[in-house]
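S.K.: Just so you know, my numbering puts 1128 at position 55 of the sequence shown, and the rest follows in order with no gaps.
In case anyone wonders, no lab produced these hints; they're calculated from the structure.
Each residue gets a CB set at the ideal place from its N, CA and C atoms; glycine is no exception.
Among the hints, a few may not be true.
To be verified - Label-pair ranges, simulated between beta-carbon atoms:
#1 GLY1118 with ALA1082: 15 to 21 Å
#2 ASP1129 with PRO1096: 17 to 23 Å
#3 SER1114 with ALA1136: 28 to 34 Å
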Amino acid sequence: SYPGREALAAKALEACHAARLAPAANGYTLNFQRAYPSSTSWESGDRRVDCYVTADGGNVINANVLP
1074 SYPGREALAA
1084 KALEACHAAR
1094 LAPAANGYTL
1104 NFQRAYPSST
1114 SWESGDRRVD
1124 CYVTADGGNV
1134 INANVLP
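Work the whole structure out from these sequences, hints included.
M.R.: If you want it as structure tokens, here you go:
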């Protein structure tokens, strides 16, 4: 059954904090964003939790921040 939005958000945030970033990431103020299944997509078998970063203030990231 669907674990709930809060539980999935917490799991996604855990994945974000566990992600390793390249040294180039130190030159940016990054915000962790996350995406996770809705109850409807969960019923269809969606179990994907994604973590991605955005630059603070809408700045453009011009470097690869992943190792």
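S.K.: Next step is simple, just say for each hint if it's right about the structure.
M.R.: Quick rundown of the hints versus the structure:
1. The hinted range of 15 to 21 Å is satisfied by GLY1118 and ALA1082, whose Cβ atoms lie roughly 20 Å apart.
2. The supplied range of 17 to 23 Å is met by ASP1129 and PRO1096, whose beta-carbon atoms lie about 18 Å from each other.
3. For the pair SER1114 and ALA1136, the supplied restraint of 28 to 34 Å holds, since their beta-carbon distance comes to about 33 Å.
Against the hints set out earlier in the document, no violation occurs for any number.
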